[in-house]
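**Student:** Spelled out from the first residue to the last, the chains are:
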Amino acid sequence: AQAAAAAPADLSSLPRVKHKLVVPPFAHAHEQVATGSPVINEFEMRIVEKEVQLDEDAWMQAMTFDGSIPGPLMIVHEGDYVELTLVNPAENTMPHNIDFHAATGALGGGGLTLINPGEQVVLRFKATRAGTFVYHCAPGGPMIPWHVVSGMAGCIMVLPREGLTDAQGKPVRYDRLYYIGESDHYVPKDADGTYRRYADPSEGYEDMVAVMDTLTPSHIVFNGAVGALTGDKAMKANVGERVLFIHSQPNRDSRPHLIGGHGDLVWETGKFHNPPQRDLETWFIRGGSAGAALYEFLQPGVYAYVNHNLIEAVHKGATAHVLVEGAWNNDLMEQLVAPTSVAG
Amino acid sequence: AQAAAAAPADLSSLPRVKHKLVVPPFAHAHEQVATGSPVINEFEMRIVEKEVQLDEDAWMQAMTFDGSIPGPLMIVHEGDYVELTLVNPAENTMPHNIDFHAATGALGGGGLTLINPGEQVVLRFKATRAGTFVYHCAPGGPMIPWHVVSGMAGCIMVLPREGLTDAQGKPVRYDRLYYIGESDHYVPKDADGTYRRYADPSEGYEDMVAVMDTLTPSHIVFNGAVGALTGDKAMKANVGERVLFIHSQPNRDSRPHLIGGHGDLVWETGKFHNPPQRDLETWFIRGGSAGAALYEFLQPGVYAYVNHNLIEAVHKGATAHVLVEGAWNNDLMEQLVAPTSVAG
Amino acid sequence: AQAAAAAPADLSSLPRVKHKLVVPPFAHAHEQVATGSPVINEFEMRIVEKEVQLDEDAWMQAMTFDGSIPGPLMIVHEGDYVELTLVNPAENTMPHNIDFHAATGALGGGGLTLINPGEQVVLRFKATRAGTFVYHCAPGGPMIPWHVVSGMAGCIMVLPREGLTDAQGKPVRYDRLYYIGESDHYVPKDADGTYRRYADPSEGYEDMVAVMDTLTPSHIVFNGAVGALTGDKAMKANVGERVLFIHSQPNRDSRPHLIGGHGDLVWETGKFHNPPQRDLETWFIRGGSAGAALYEFLQPGVYAYVNHNLIEAVHKGATAHVLVEGAWNNDLMEQLVAPTSVAG
Ligand SMILES: [Cu+2]
Ligand SMILES: [Cu+2]
Ligand SMILES: [Cu+2]
Ligand SMILES: [Cu+2]
Ligand SMILES: [Cu+2]
Ligand SMILES: [Cu+2]
Ligand SMILES: [Mg+2]
Ligand SMILES: [Mg+2]
Ligand SMILES: [Mg+2]
Ligand SMILES: [Mg+2]
Ligand SMILES: [Mg+2]
Ligand SMILES: [Mg+2]
Ligand SMILES: [Mg+2]
Ligand SMILES: [Mg+2]
Ligand SMILES: [Mg+2]
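Protein chains in written order, with the numbering used here: chain A, 18 to 361; chain B, 18 to 361; chain C, 18 to 361.
Worth double-checking, as some hints may not be accurate.
Chain copies aren't distinguished; within one or between two, either way the pair holds.
As the list claims (entries may be wrong) - Within a straight-line C-alpha distance of at most 20 Å, the following computed SDA-like cross-link-like pairs (lysine to any residue) qualify:
(1) Lys253 / Leu131
(2) Lys67 / Val359
(3) Lys35 / Gln352
(4) Lys250 / Gly158
(5) Lys250 / Val40
(6) Lys37 / Asp281
(7) Lys35 / Val354
(8) Lys67 / Ser219
It is worth saying that the hints were derived from the structure and are not from the lab.
The whole structure should be built from the sequences, with the hints applied where relevant.
**Tutor:** What follows is the structure in structure tokens.
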């Protein structure tokens, strides 16, 4: 009502940029430093309900933004506008919406975007704060945690117009960007200990709520499944490249760590006008937020990127790999004596 | 013994200010900038043991400071003294004390304030550090977690004499202040799944300990009950007002988030001589601490203030509301196309 | 392969310093400010598998660095080299390695140090980042969390060459240093509720994994056992001394608090080139990291140093004591009226 009462904003003079979203850990093409004045960034996302395989032995009736868990990463600049067309196709079974932590008012847009299957809506908001921010479905009451742990969350990065800067205000650029969306899931088990499958989301609702109330996930994964970012699907980089890792967790705390690497510059809370921390071994993602860490790789090899609750990393699934090529530096590390029989 | 050996401090020349504590989320009248030199602030708190209703279907034999969960917010300035008369009325069943995280020595005062039912004690300490600090009952050993999760915790805010300042040292003022005390509770269930009630705290002790040992609360609430700060009891504000939210959690970590809003300035660890972070979507309250977040409301409407582990917010109870009046700003957010049939 | 391809670094001109590791909470002799140019620090650690007693009623088939949980604290300066001889004696039953969060490449050295019982290896790495960093065993896959929660973790402190500095860059020195290694353990129980004992680590593996998957530890302890740092084994200090507390947790988050004291300067993430926070009541150790807090004791008495999830402190074991001698200061705190009958 209050929203309707105000005169529409006239932004007809602003340039428009249409983006095509891509599947994480990748991001759509973007500039790190804005070259002009603010624009209206147009995005379209379709909500997809579908069964996904979380692990060899576990499936979930998922709800997703654009078909992936996490939803796609959106990138704009501070002062830009975001114009999203959100589509809930008729084959879906449930109302959905979108709450942007980057937006101001109307429950982050959730109050203006609730759409039934067969409906679409267009929301515009101004990106007034620089940083990485979670977005997620929030259809009200118990639907909120359920839709989120069923997969409906992603991230938007609002870059400062001048690009990233370090704690001294010096410009910082990245050579690659990867978006890691961590999510916690609560798959019910049969009495014999096998994971249950369901015909659609609603059929599994009550069982899932019972697991959720234990606050103990059955699965904690990166990008939607155990192994989604390992082996053939590992992230890639070269020695000397600076990689920006964006890490979102819409519900539960996490503590990312790059085994054998560091966070050179870490915006733990994700907001770029705060000075980043340096040299970190492990950083902390508050449940319901997204953070960013920049690292220049100095050695080749396979790196594991994990949630450093190692039970969550290994038993629950929160492990990714980065495959790095280049020359080894024996000054930084050297195996002086290979394994040999104990002396004496 | 050591305490007794020292000569009493002579503070007879200092002015005295008597405060009347009020029930959270409200705070007693106070100045943001101290107008004179340090004073002795006099407070009185009565410990109240009573059954409280946590939810429609759940009760707890609570122990409280002054009858509320959380206990009342106390506000003083850095360099002031706090002089507390703590009363344990004869109708109570248990010894209690108070440990101020803001105080120095004697287990935060816990070592000097243990009183049996029918006793009172007077403690004075100097507020030497600026920030928001938890206080709680800590009667020793297993009594400590039990009294805390039964409700005995609150907060004191020690303001810098010059008031709050931002990361650049610029003065910051608030128009309203709300104190949200989050607490985790462990209500045992009967074999049939209904919550148990007990005649007094001691009767429920062993059952509650068994739930506590799972580290999984049955309830996580703001201000003592599911719904204590929603609906008719929502916090209020106007567009353009800057609201300081103080959030304490004496035992378990939390991650506050204001749906549709932000933390403009956030002292996550609550200590005011550290530079606040800006633009936050979600911040983190370490279990056993209190933090502060300032937000200027920019849009009207109902905001939910939640612990953004959404299961904890919705299933366990950690949700509050802020009702904000004013004019909508379509530049910040606009519903460009209302829900309509999917195109094509 | 890549490591082997590079020419060995020639460090033959550097001085060598041999350190003898000591059992935590103590640390080997060291300089706070480096007096010369970088050195090679030589350390030797033996891996010891043995049964340890976690509590009166609980035992664990532990795996340890040098026989203690946590492993010993190593101290070097930024720009120094660390040269470690790691020995896996023939009487052990399992392969082990070491992953230094302070090191760069090869999974923190884990990829170059995997040794079978009866083998030893020598690794050298350069300490390029200042701070406190976890090291732990990481033999791959499910062995990683299992070896860590069985005890195989410790800490290295890399001091800036110029020593510690505060947020304004002013030099900071400590009079004592204590290293508190918090660890979470998952001891299985029999049907009758008594803790199980096993003949060797492997016998207990499957049972322990079942407990680990609940994400709910049976024990959370400081320095390897309930009571390892209390009573006769309390840490000691004097009024006026500045004590540096180093706190590591290789797996699970923690929130240290000193009852009756504070963190004067806290490097929560442990990395010394970031400005420390001041005045903290409670700070946060991200699982898989080590942090540091400096406190000058101002009052005598017994202080409890706890993980301020009070259930974890008291029921699970995460409590230590500091015994402080000196004169009481009634200006900071005074018991004005001892417990007396309620007035009126
Ligand atoms: Cu949804
Ligand atoms: Cu949210
Ligand atoms: Cu009490
Ligand atoms: Cu406390
Ligand atoms: Cu090992
Ligand atoms: Cu690690
Ligand atoms: Mg599995
Ligand atoms: Mg349909
Ligand atoms: Mg900036
Ligand atoms: Mg309920
Ligand atoms: Mg009585
Ligand atoms: Mg100041
Ligand atoms: Mg025990
Ligand atoms: Mg052997
Ligand atoms: Mg420095």
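**Student:** Broken hints, numbered, in rising order?
**Tutor:** 1, 6
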